[in-house]
Amino acid sequence: MTTAHATGSRTRAYRAPAPLGGRPDRSLQRTRTGGRRNRAALAFLAPALLIMAVFVAWPMISALQLSFTDASGFGEAQWVGLDNYARIFTDADIRDAVVNTVVYAVLFTPTAVIVALALALLLTNDRLPFRGLFRTSLFLPFIISLAVAALAWSYLIDPQVGLLHYWLRGMGIDLGNVLQDPTLAMPAVALVAVWKNFGFYMVIFMAGLQEIPGSLYEAAKMDGAGAWSRFRHITLPMLSSTMAFVLIFAMIAALQAFDQIYVMTGGGPYGNTQTVVMEIYESGFRKLELGFASALSYVLLLATLVLSVVQFVFFGRREKES
Amino acid sequence: MSAATLAPATAPQRPAVRAGRRRVRVSTVLMTAAVAVTTLIVLLPLFIVLFTAFKPTAEVNAYPPTLLPDAWTMANFERIFSDLPFARLIGNSFLFAGGVTLFAVAFDALAAYALARIDFRGRQVLLIAIIATLMIPFQATLIPVYQIVTDLGWVNTFAGLIVPRAADAFGIFFLRQFFIGLPRDLDNAARIDGASELRVFWQIVLPNARPAILTLAIYIFVNNWNDLLWPLVFTTQQEMGTITSGLTQLTGPGGIVPYGVMMAGALVAVVPLVLAFMLVQRKFIESIATTGLK
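Residue numbers (my numbering), protein chains in the order written: chain A, 134 to 455; chain B, 559 to 852.
Everything labelled a hint here was simulated from the structure, so no lab data went into it.
Some clues are possibly wrong.
Here's a subset of chain A near chain B, in silico, CB distances under 8 Å, partners left out [as the list claims (entries may be wrong)]:
| # | residue |
| --- | --- |
| 1 | R170 |
| 2 | F222 |
| 3 | T223 |
| 4 | L252 |
| 5 | N258 |
| 6 | L273 |
| 7 | S278 |
| 8 | P292 |
| 9 | S374 |
| 10 | F378 |
| 11 | Y414 |
| 12 | L438 |
Not close to chain A: a few residues of chain B, all C-beta gaps over 12 Å, as computed [claimed, not checked]:
| # | residue |
| --- | --- |
| 13 | L604 |
| 14 | T631 |
| 15 | M632 |
| 16 | F639 |
| 17 | P643 |
| 18 | A645 |
| 19 | R646 |
| 20 | G649 |
| 21 | L653 |
| 22 | F716 |
| 23 | A727 |
| 24 | F736 |
| 25 | F759 |
| 26 | P765 |
| 27 | T794 |
Backbone N, C-alpha and C define an ideal beta-carbon position, used for all residues, glycine too.
All chains, full assembly: derive it from the sequences and hints.
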């Protein structure tokens with residue numbers, strides 16, 4: 134709809150100047166409505182843009198400035214050029230943190246999105262009883278603070294007094310000390326994040342699913358399309374803008390993993406759950422290397438931006454095709 | 559609580575008569591069972607918080623562990639009420655999280671409308687710029703933001719807590735995604751009839767976007783209610799703190815966290831959230847039903 138409208142007015146504008154000086158009224162009118170539109174847009178955007186300029190954009194510029202200095206909170210900051218950035222690409226700890234963050238993102242993002250979509254599909258199915266109760270229950274973890282959730286989970290899987298640990302051992306599965314286990318610690322902190330966040334993604338998927346006209350499914354059923362075929366050819370394409378939104382936000386959340394790792398493992402064991410944001414926090418607020426922490430934030434920002442644009446373009450193309 | 563109500567549905571005893579009906583039945587039962595089991599697993603940590611809050615310390619650290627307390631006690635709660643200015647902290651949390659929600663939803667919706675519905679110059683660039691601001695970890699801008707709030711003299715005020723968050727990229731992007739999904743026929747018709755953009759926004763787009771607005775409101779309210787670092791940084795007096803930041807002061811000397819007291823605190827902090835959510839949850843369902851989106 135948007136593109137059709139824009140193309141329509143552009144062709145008109147393109148034709149207008151052709152008979153040089155012949156019909157100036159039409160192009161004039163276009164400019165006038167364009168100006169009116171710009172002013173209306175500005176009025177709508179002004180409050181949000183003002184807040185974001187002062188409390189988001191300006192601090193980002195300040196942080197960028199900091200990233201080229203050795204600012205430490207003490208004394209005058211010296212300009213050090215790209216030194217902080219050079220350190221990011223040579224420091225072994227940072228490289229490990231990047232690897233850990235990627236592992237975390239790969240564990241978290243698909244799991245959270247698939248669980249959320251599967252449950253959203255089940256919870257929008259008319260044949261499921263108690264849908265309201267299920268939806269409320271499944272959304273509950275999202276309203277608990279991640280720090281509290283991390284405490285509850287730590288207590289559950291505690292090798293001495295943990296109830297879940299005890300039950301699993303009764304079933305013959307001995308997890309040992311999960312949070313001290315180099316291979317299990319990362320899946321554990323990722324699972325806590327899945328537990329905490331999937332309910333929100335699920336509700337977004339449900340809102341998206343509600344928007345798909347039921348007539349499409351009726352028509353497909355009449356044509357003899359099976360459940361999988363209806364999912365593949367109606368649900369997925371119709372959900373693509375919702376899917377893009379959920380994927381991008383799940384990925385950003387994954388790349389910024391911090392709270393539950395801070396509470397549950399503190400980055401251990403042996404630095405195995407040390408993520409990039411944990412590094413930013415430690416260099417910025419523990420070691421007070423403000424310049425280095427800012428540089429690291431900017432590298433993370435650029436990486437996230439590139440990944441998001443790739444996903445956006447991918448889904449944008451899919452949307453146009455369908 | 560759900561286990562008891564679900565039991566009859568997961569095990570229907572009546573044999574189905576016709577083959578067609580039976581196939582439907584089996585899949586419904588399987589689906590219900592799958593969702594019920596998932597829900598119970600998901601709720602387990604919440605039950606742990608609930609029941610541990612009522613356990614005496616000896617039971618909290620006992621082996622073998624149990625789900626339910628043997629001897630129920632209010633001792634953990636008594637400690638929270640005696641150690642914290644509790645009513646004040648809850649009130650602060652409501653003002654802080656509620657204030658942010660009110661402003662942010664209003665400003666985000668206005669901005670999202672412009673980005674989704676008005677063809678103005680530079681729209682695409684602005685959208686990308688807004689999305690880009692989402693990706694910087696907030697730890698990185700916290701120091702510059704703190705300097706600005708200090709310069710404004712807003713430390714230990716509600717303005718300092720609320721204003722920096724009165725608009726956010728997440729909400730703008732979220733609502734924009736929802737607005738572009740709404741059919742344009744209605745607002746184009748209204749525009750041809752001479753309706754102003756504000757009227758199209760208020761009377762056509764907003765009523766149709768109620769589920770998205772409510773979802774965003776829950777999201778913002780919950781995030782701010784639960785936020786720990788923000789109130790810790792912007793308030794230095796205990797009576798300006800929130801319930802979430804207040805709970806961290808329960809940590810005993812040497813940083814030892816008594817699980818029982820922590821869980822009691824967590825439970826008390828989460829009750830208003832659950833109540834608020836239940837309240838909105840009903841509206842949420844109503845709005846989906848009345849807008850007839852399905």
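T223/A as an interface hint toward chain B, with CB separation required under 8 Å: violated, 21 Å
Hint status (Cβ of F378/A to nearest Cβ of chain B, threshold 8 Å): holds, 5 Å
F716/B and chain A, when compared Cβ to Cβ, separated by more than 12 Å: Its Cβ never comes within 12 Å of chain A, the nearest being 15 Å, so this holds.
Beyond 12 Å from every chain A Cβ - status for M632/B: holds, 20 Å
Chain A versus F736/B - minimum CB to CB distance exceeding 12 Å, so not interface: Violated, because the least Cβ-Cβ distance between F736/B and chain A comes to about 7 Å, which does not exceed 12 Å.
Restraint check, 8 Å cut-off on beta carbons, for S374/A near chain B: holds, 6 Å
Check on A727/B being off the interface with chain A, judged by Cβ distance over 12 Å: violated, 7 Å
Minimum Cβ-Cβ distance from T794/B to chain A exceeds 12 Å: Consistent with the label, T794/B stays out of reach of chain A, its closest Cβ about 17 Å off (over 12 Å).
Closest C-beta approach of L252/A to chain B relative to 8 Å, hint status: Cβ of L252/A sits 7 Å from chain B, so the hint holds.
Non-interface label on F639/B, tested against every C-beta of chain A at 12 Å: Per Cβ check, F639/B is outside 12 Å of chain A; nearest 18 Å; holds.
Status of the stated non-contact between A645/B and chain A (beta carbon gap over 12 Å): With a cut-off of 12 Å, A645/B remains clear of chain A, as the shortest Cβ separation is near 20 Å.
Non-interface claim for L653/B, where every Cβ of chain A lies beyond 12 Å: holds, 18 Å
The structure does not agree with the numbered hints 2, 3, 8, 13, 23, 24, 25 stated previously, though it agrees with the rest.
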